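S.K.: Sequence:
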Amino acid sequence: MTTLTLERASVAPPRAAHEMPRELDLHEIGGLLDGSLRVADVPAISARLAVDVSRERLPHRGDHDEIFGPQHTATSALPDARVWTQRFALALVEALAGRRSPTQLTPHTSTDVLARIQRRHRTTLRRGAAPGPTGVRRVQVCQPCDGVVEAAVVARVNGRATPIALRLNGVDGRWQVTVLELI
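The C-terminal position of the sequence shown is numbered 182 in numbering that gives the first Met the number 0, with every residue numbered one higher than the one before it.
Think of the hints as simulated: they come from the structure by calculation, not from any bench. Predicted model, so just to flag it, every value in this text is computed and none were measured.
Here are the in silico distance ranges between beta carbons for each label pair:
#1 I28 <-> P106: 35 to 41 Å
#2 R118 <-> D24: 49 to 55 Å
#3 G29 <-> T105: 41 to 47 Å
Where a beta carbon is used, it is the ideal one built from N, C-alpha and C, also for glycine.
Assemble the whole structure, with the sequences as input and the hints as a guide.
M.R.: What follows is the structure, given as structure tokens:
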């Protein structure tokens, strides 16, 4: 008959269901990485976390972690702001006129801006799209700081002149509209 022996260096005390497991200390992490410490030497390693990523422990800069959250992108690494703004504004006015789905703007807008565009799009569809030309007449851009552009657009939505103010931030290698004002 074969006997199986389990070795345990120490037994971790039981924890309550709502209690987070303790973090591995730097000695344990370093030992595991360099091979001087075996997994069997660290009790209940599968129940522990290497890093605690709970919201309470993250630095409060918006809702994002500095390492894994959205990253600022310099203007030099982004497409030409004027051309990008003109193309975005055309897609925007088409969505506002009910001729394009606002979900196509999702990767280029913040959640607040997208929600406003979707509300206006639903209102247009409910009322019925008015006939008339839709397009972009004029775009002015300025750059108050690196990776940030403010733009003023004059567009025609269903034949009516509509001024639009935009703020673009360079995020994760692309422009993202974070502020949108339809005047």
